[in-house]
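Based on the sequences and whatever the hints tell you, model everything.
Number of protein chains: 4
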Amino acid sequence: MIKVGVLGATGAVGQRFVQLLADHPWFDLVTLAASERSAGKKYGDVVNWKLDAPFPEKVRNIRVTPTTVKGTKGVELVFSALPAEIAGEVEDDFSRAGVAVCSNARSHRMEPDIPLVIPEVNPDHLGLIDVQRDAGRDGFIVTNPNCSTIMLCVALEPLRGLGFRDVRVATMQAISGAGFSGVAAMDIYDNIVPYIGQEEEKMETETLKIMGTLRGGKVKDAPFTVSASCHRVPVIDGHTLAIWLDTKASVEEVKEAFRKYKPPFKGLPTQPEKSVQLFEEENRPQPRLDRMRGGGMTVSIGRVRPGLRFIALGHNTIRGAAGASVMNAELIRTRKYL
Amino acid sequence: MIKVGVLGATGAVGQRFVQLLADHPWFDLVTLAASERSAGKKYGDVVNWKLDAPFPEKVRNIRVTPTTVKGTKGVELVFSALPAEIAGEVEDDFSRAGVAVCSNARSHRMEPDIPLVIPEVNPDHLGLIDVQRDAGRDGFIVTNPNCSTIMLCVALEPLRGLGFRDVRVATMQAISGAGFSGVAAMDIYDNIVPYIGQEEEKMETETLKIMGTLRGGKVKDAPFTVSASCHRVPVIDGHTLAIWLDTKASVEEVKEAFRKYKPPFKGLPTQPEKSVQLFEEENRPQPRLDRMRGGGMTVSIGRVRPGLRFIALGHNTIRGAAGASVMNAELIRTRKYL
Amino acid sequence: MIKVGVLGATGAVGQRFVQLLADHPWFDLVTLAASERSAGKKYGDVVNWKLDAPFPEKVRNIRVTPTTVKGTKGVELVFSALPAEIAGEVEDDFSRAGVAVCSNARSHRMEPDIPLVIPEVNPDHLGLIDVQRDAGRDGFIVTNPNCSTIMLCVALEPLRGLGFRDVRVATMQAISGAGFSGVAAMDIYDNIVPYIGQEEEKMETETLKIMGTLRGGKVKDAPFTVSASCHRVPVIDGHTLAIWLDTKASVEEVKEAFRKYKPPFKGLPTQPEKSVQLFEEENRPQPRLDRMRGGGMTVSIGRVRPGLRFIALGHNTIRGAAGASVMNAELIRTRKYL
Amino acid sequence: MIKVGVLGATGAVGQRFVQLLADHPWFDLVTLAASERSAGKKYGDVVNWKLDAPFPEKVRNIRVTPTTVKGTKGVELVFSALPAEIAGEVEDDFSRAGVAVCSNARSHRMEPDIPLVIPEVNPDHLGLIDVQRDAGRDGFIVTNPNCSTIMLCVALEPLRGLGFRDVRVATMQAISGAGFSGVAAMDIYDNIVPYIGQEEEKMETETLKIMGTLRGGKVKDAPFTVSASCHRVPVIDGHTLAIWLDTKASVEEVKEAFRKYKPPFKGLPTQPEKSVQLFEEENRPQPRLDRMRGGGMTVSIGRVRPGLRFIALGHNTIRGAAGASVMNAELIRTRKYL
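Residue numbers (the working numbering), protein chains in the order written: chain A, 4 to 341; chain B, 4 to 341; chain C, 4 to 341; chain D, 4 to 341.
Each hint should be verified, as a subset may be incorrect.
Given that identical chains are not distinguished, each listed pair holds provided it fits within a single copy or across any two copies.
Said to hold, decoys possible - Here are the simulated DSBU-like pairs of lysine-lysine, each with C-alpha atoms no more than 30 Å apart in a straight line:
id, residue 1, residue 2
1, K53, K277
2, K44, K258
3, K223, K251
4, K44, K269
5, K269, K258
6, K45, K263
7, K61, K269
8, K251, K277
9, K251, K265
10, K265, K339
11, K61, K45
12, K45, K258
13, K258, K53
14, K221, K339
15, K61, K265
16, K251, K263
17, K73, K223
18, K45, K73
19, K277, K265
20, K76, K6
21, K258, K61
22, K339, K251
Think of the hints as simulated: they come from the structure by calculation, not from any bench.
Keep in mind the model is a prediction, meaning the values are calculated, not measured.
Right, here's the structure in full:
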């Protein structure tokens with residue numbers, strides 16, 4: 004068992020980390036770090052648990068530590084659910100102090116020697132860990148992409164062999180993506196907000212890095228473009244994407260690619276039975292019915308039509324955030340970086 | 004004052020017709036037709052008024068008539084909010100009996116000699132009324148498009164001069180578009196349904212007819228393609244569209260086209276001050292805040308970005324249904340067909 | 004293992020029955036009965052599964068049978084999720100044919116020789132099964148109360164010893180209580196409907212029977228009154244009740260009664276760890292956060308204040324319907340009636 | 004025309020004040036005060052207008068002033084939508100500087116010489132203005148009650164003559180009652196929060212003052228009790244109350260009292276045609292359909308049943324806040340205090 008900690012353990016993503024790690028077979032959750040205000044108190048006393056999954060009793064009495072290397076001594080790996088404003092520096096500190104960092108924050112994602120990884124899509128990008136080590140870090144940082152980007156990339160991966168160029172994607176994103184208090188009820192009830200700060204830029208740049216090619220210690224961007232239109236909708240969990248591809252592949256070829264897709268590894272604890280699940284029903288997938296497939300880690304696909312158009316859907320705080328980071332850590336361990 | 008009636012006066016679109024016509028300066032609402040069950044009773048006693056606008060007291064005591072030519076004698080013009088299953092035949096009957104029909108139903112929309120009209124977009128298509136008359140109808144039928152199609156066409160009209168080819172559009176459509184009982188709460192609450200029956204087909208075919216060219220008594224389809232992905236979202240009123248265009252025009256040229264756009268007529272009672280309104284704010288338009296602009300008849304535009312992408316939004320049961328039909332009737336009258 | 008069936012297996016409560024019985028340790032779900040239309044087809048092909056819990060694969064290929072004694076041969080016990088219009092007669096048929104019936108329908112609830120049972124509240128009322136048998140039924144019928152009534156009674160049971168007279172209760176009831184298509188989205192979104200057909204009457208009469216005394220084969224109503232005001236609110240699952248009691252007991256005595264309450268039996272598979280759970284937080288219980296406590300079988304209590312007022316909350320289709328019926332069947336078995 | 008200002012003009016209640024005053028026949032809205040940050044800028048540039056009513060263009064260019072007596076020179080009357088934390092002191096300053104203050108804040112409501120007024124209920128309490136003047140204030144302060152309290156009192160006023168003692172009331176309160184950002188979407192979507200800070204206390208104490216008797220410069224509390232249970236529900240606007248009264252009056256007597264009720268004055272511009280409107284339909288009133296009756300100033304009543312129980316509903320930011328204050332000011336003017 005590897006001793007692990009969560010940085011930013013009381014927020015929306017932080018709670019998902021705690022939920023996913025409380026009973027993890029490989030990782031022993033020993034450290035929960037949060038703001039100064041909470042440090043020293045019991046996690047159960049400071050967390051305002053808002054997940055519909057029950058509170059994991061075994062972490063109730065863990066004393067919250069400050070978000071510093073010193074404060075979290077003894078852990079080999081930390082999961083970062085820190086806000087971007089502080090994640091950059093704190094994650095740097097940890098990685099330089101010899102700790103492995105799996106981060107959900109955007110701060111380091113686009114740095115050349117930091118891998119931006121989705122296990123099914125670019126496991127080989129973990130090779131950048133060696134680049135980091137060569138540059139003198141004792142530990143390392145591995146990031147996972149923005150939530151919408153993950154759904155898009157998991158949906159595109161099975162289609163790589165078919166060839167496609169321009170990607171257009173309209174997202175309908177859940178409220179939880181903005182954290183517990185990020186969206187006021189008055190702003191989203193009976194409403195849509197056709198804007199999410201930096202979301203379109205993230206989808207357009209992160210996707211190219213993730214689906215790019217690692218060679219000679221550098222990632223070369225993937226040779227297609229992404230044009231995104233991002234919208235917040237009144238749904239609690241689950242991002243829905245309407246995707247168009249410029250491709251010569253037929254509807255049946257695309258469906259077959261989804262059906263026969265298998266990820267290049269097996270047996271990661273957080274890995275769902277199916278990374279992508281294809282629906283033939285004309286009105287699926289739907290967030291309330293399908294977001295929890297595969298424990299929240301499956302990306303559901305539906306309505307493949309000429310155009311070439313289809314729908315992709317995934318759980319934004321599990322597959323799109325905490326679960327993504329945990330599965331990255333599992334992959335890292337099987338690749339012997341831990 | 005022209006004596007008018009509403010067919011299907013108790014449903015969601017029917018009630019909007021009643022609301023818009025109760026105090027109309029040109030049309031005198033004298034007849035309300037509904038199903039057999041209601042015929043003979045007072046409208047105020049049979050209608051289950053569910054609009055947030057107050058019930059127009061002046062129609063309370065109108066006796067509901069059956070949906071037949073005989074039953075509605077004395078009206079020169081009827082507005083049809085009939086379901087498609089019966090609209091085709093009923094509207095035919097009325098038009099052959101010398102009554103003008105302005106229909107929101109889809110039944111006749113794609114017939115070659117029936118105009119499918121949005122006043123700002125193709126007022127000249129009313130010329131097909133002459134074709135109908137030549138073919139022996141005493142009255143005539145004029146249809147308005149499907150709700151989402153209307154928002155799309157009003158948004159595209161100002162850009163005709165800039166040139167564009169492929170149009171991709173992802174819709175986020177309100178619950179009221181399916182009528183008062185068309186969507187069960189359990190199906191849409193905390194959810195999205197990525198499918199609306201025949202909606203994508205309607206947007207893809209109707210748009211080309213509307214924006215097509217009338218010559219020699221025939222409409223030639225517009226020379227571009229539309230690819231739609233339609234989704235039901237938990238919003239009461241107001242359809243939001245994310246639109247991509249293949250165009251060489253710049254963001255600024257597109258914005259300028261929206262800003263300077265003026266419809267080719269003035270003074271229709273239902274006509275809004277602005278047919279399209281351009282927002283510069285990064286998070287607008289939003290359905291709850293913007294659907295009632297221009298009395299529900301303005302199409303709001305926002306987030307014009309390279310790509311070329313933008314957002315369009317309009318009230319689906321006013322601009323997208325009853326208001327569309329009423330404004331068509333107003334246009335018809337100014338063009339002396341009534 | 005006792006062979007069991009579900010009548011009305013495709014509806015909202017029927018699906019919950021299937022979910023709860025698919026892996027039940029005592030009951031072997033072999034029969035799924037539904038309307039004529041579905042009979043003969045595979046359950047997986049006819050059910051429109053709408054629960055957020057995953058579809059239980061093991062029942063996918065069960066052939067649906069008609070809702071008749073003949074059609075469901077071989078089962079010892081049926082769970083009825085039938086609509087009240089047909090439940091009365093069908094359940095009678097089954098019970099006279101020697102089958103045990105655990106019914107969620109209201110049809111037989113108030114009949115003098117039919118027990119209306121909540122395990123924690125009136126397990127002794129199962130004695131009415133003997134009365135039924137004496138009257139010549141080969142099988143028997145046991146009913147569970149209306150959903151809101153169950154929450155109320157489970158909340159009142161721990162307070163019996165403290166004494167109370169008049170009960171006033173305002174309910175805020177979830178959409179799922181009306182079935183999958185019982186409430187139109189247009190009727191409940193951004194809205195409250197302050198009326199649910201027969202709900203107040205059910206709460207006011209059923210409660211007195213359940214908390215009444217069985218003596219000499221007859222139930223004598225409990226000696227207090229219930230006055231209910233029932234409201235539908237835009238919540239998917241979970242009924243919330245604001246309750247006032249006329250009692251001399253103090254807030255602390257009431258809290259203590261909730262804390263120390265233990266049901267008069269142990270070890271039923273569907274029984275939650277705690278039948279009632281008392282919250283001290285000032286803003287709990289809340290439906291989205293607390294409805295699934297104890298697998299949906301715990302009734303959560305909070306905000307005990309002078310007056311004497313408190314809040315009770317439970318999952319309406321689990322504790323308030325299918326789970327109630329299954330736990331009744333478990334109790335029946337331990338009492339050797341099966 | 005009396006020159007007036009709004010303090011706290013950018014918030015949820017402040018915007019309602021601006022909406023109601025922009026075209027007021029007696030009051031000339033000349034001053035809009037807000038936080039330091041906004042002072043000096045144009046109102047149209049600093050306000051984030053979120054009402055579904057259109058922005059009143061005539062106030063767009065008013066320069067926002069600081070919330071000080073000095074900053075708002077020239078106004079005879081100010082409406083206060085200030086948060087309670089600062090309202091106490093600021094309103095005191097204004098009233099001592101000779102300005103009339105109509106306040107929606109809770110700070111001064113329960114002070115012995117400050118009238119807490121609902122025009123229909125206790126117009127004579129304005130007599131306390133003389134007490135304030137005798138005590139040396141140049142101006143005066145008049146407050147309106149908390150939103151839920153207003154609905155309750157307007158509903159009880161017609162029943163005074165029938166006699167009642169204990170009042171129990173369960174509220175289902177809209178999101179807008181907490182201001183634009185007071186409730187996070189994650190906290191209320193698919194949920195109910197059975198607690199609103201200080202709300203129950205306000206209803207229980209304010210009601211007794213409002214319905215109390217002014218004699219010898221002092222208000223004696225009304226001789227009954229109120230016991231409230233307050234709940235936040237996912238509704239945008241409109242508070243719904245389920246009320247129980249201890250009364251000997253019959254259902255018909257209560258209905259008749261509502262039907263024949265007339266307020267003790269006429270002709271106030273903000274006064275609705277009917278202060279209370281009785282529904283006979285079994286499922287009314289409903290917030291989405293009835294909150295805007297009488298321009299948002301009518302309190303709708305329904306479901307009068309034995310018990311004695313009924314439902315009351317009103318618009319919380321109009322009748323329950325800004326409209327309440329404006330109508331108070333109108334009453335004050337007709338009573339010659341202005």
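Okay, the hints, checked on the actual structure:
1. K53 with K277: Both. Shortest intra-copy (28 Å) and inter-copy (21 Å) distances satisfy the 30 Å Cα cut-off.
2. K44 with K258: Answer is between; shortest inter-copy Cα gap is 27 Å, intra-copy 52 Å.
3. K223 with K251: Cα proximity of K223 and K251: in one copy and across copies (24 Å, 28 Å).
4. K44 with K269: neither (39 Å within a copy, 36 Å between copies)
5. K269 with K258: within (22 Å within a copy, 51 Å between copies)
6. K45 with K263: Classified as between; 26 Å across copies, 47 Å inside a copy.
7. K61 with K269: both (29 Å within a copy, 25 Å between copies)
8. K251 with K277: within (26 Å within a copy, 42 Å between copies)
9. K251 with K265: For K251 and K265, the Cα distance is within 30 Å only inside one copy (22 Å; across copies 41 Å).
10. K265 with K339: within (22 Å within a copy, 51 Å between copies)
11. K61 with K45: within (12 Å within a copy, 43 Å between copies)
12. K45 with K258: between (50 Å within a copy, 25 Å between copies)
13. K258 with K53: between (37 Å within a copy, 24 Å between copies)
14. K221 with K339: Within one copy only: 21 Å inside a chain, 71 Å across chains, cut-off 30 Å.
15. K61 with K265: between (35 Å within a copy, 24 Å between copies)
16. K251 with K263: within (19 Å within a copy, 40 Å between copies)
17. K73 with K223: Neither way: K73 and K223 sit 37 Å apart in one copy and 63 Å across, limit 30 Å.
18. K45 with K73: within (19 Å within a copy, 50 Å between copies)
19. K277 with K265: within (8 Å within a copy, 43 Å between copies)
20. K76 with K6: Cα proximity of K76 and K6: one copy only (10 Å, versus 57 Å across).
21. K258 with K61: The answer is between: 26 Å across copies meets 30 Å, while 43 Å in one copy does not.
22. K339 with K251: Classified as neither; 40 Å inside a copy, 51 Å across copies.
Of the hints listed earlier, those the structure fails to meet are numbers 4, 17 and 22, in rising order.
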